[in-house]
Amino acid sequence: DTAVSQTPKYLVTQMGNDKSIKCEQNLGHDTMYWYKQDSKKFLKIMFSYNNKELIINETVPNRFSPKSPDKAHLNLHINSLELGDSAVYFCASSQEIVGQERGYTFGSGTRLTVV
Amino acid sequence: DQQVKQNSPSLSVQEGRISILNCDYTNSMFDYFLWYKKYPAEGPTFLISISSIKDKNEDGRFTVFLNKSAKHLSLHIVPSQPGDSAVYFCAARRSSNTGKLIFGQGTTLQVKP
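Taken in order, these protein sequences are the chains called A and B.
Its first residue numbered 1, the first sequence is counted upward by one per residue in my numbering.
Its first residue numbered 1, the second sequence is counted upward by one per residue in my numbering.
Errors might be hidden in some of the hints.
[Claimed, not checked] Listed next, with one range per pair, are the computed distances between beta-carbon atoms:
#1 A:55 <-> B:45: 17 to 25 Å
#2 A:113 <-> B:39: 48 to 56 Å
#3 B:76 <-> A:30: 29 to 37 Å
[Unchecked claim] Below, a list of computed lysine to aspartate or glutamate pairs in the EDC-like style, where the Cα atoms sit at most 20 Å apart:
#4 B:5 <-> A:82
#5 A:9 <-> A:96
#6 A:41 <-> B:24
Since the hints were derived computationally from the structure, they do not count as laboratory data.
Nothing here was measured: the structure is a model prediction, and the numbers come from that model.
All C-beta atoms, glycine included, are put in the ideal place defined by N, C-alpha and C.
Use the sequences and the hints to build the structure in full.
Here you go:
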């Protein structure tokens, strides 16, 4: 009965490959996000979609392309993987409710290792 | 340019004592602050939040204090329990900024039995 699920949990791949990480939420939230947790443990926003529309695109290389087929799904496709892409990627969702600030619901993360 | 900072990477306390986790921010436009808790191999989970119009919010054993003039907030856990051992992230946002949360780098709390 997972609220935000992302697959795969672990991904090991070679440099230059193309890979995708999938995310689905069953909370009925309007907004979904991708965050990257780097080696220094900072969680940094990459993208945000609201009802399938891109609303935040931080300074992320063009090799990263989010795709939102519907508001319950936000997938992350990465082309030409580089060693520096190794990190934990978290998907999250949220719903704005006035007076109820609960922030995001996160998935359990995908640990990407590029070798 | 890290706008939210948690300067203590780790904290160790004895069970039953108070844990105090600190967080500093630089952007005075932030108007909402949140704390998340993260266990290994799991995503962060929401713990407690505070609006900039308040200086304290309490939920059970967890209390968040906000000092806007110092741009500082803290999370107090009392009494601390071994199950509280986790990484705690501070986060902040501007209401006008489409929900984007800026996170600190986390503080690892260990509560010893």
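Against the structure, the hints:
1. A:55 <-> B:45: 17 to 25 Å: holds, 24 Å
2. A:113 <-> B:39: 48 to 56 Å: violated, 21 Å
3. B:76 <-> A:30: 29 to 37 Å: Check passed, 33 Å falls within 29 to 37 Å.
4. B:5 <-> A:82: violated, 28 Å
5. A:9 <-> A:96: violated, 28 Å
6. A:41 <-> B:24: It holds: about 17 Å lies between the C-alpha atoms, which stays within 20 Å.
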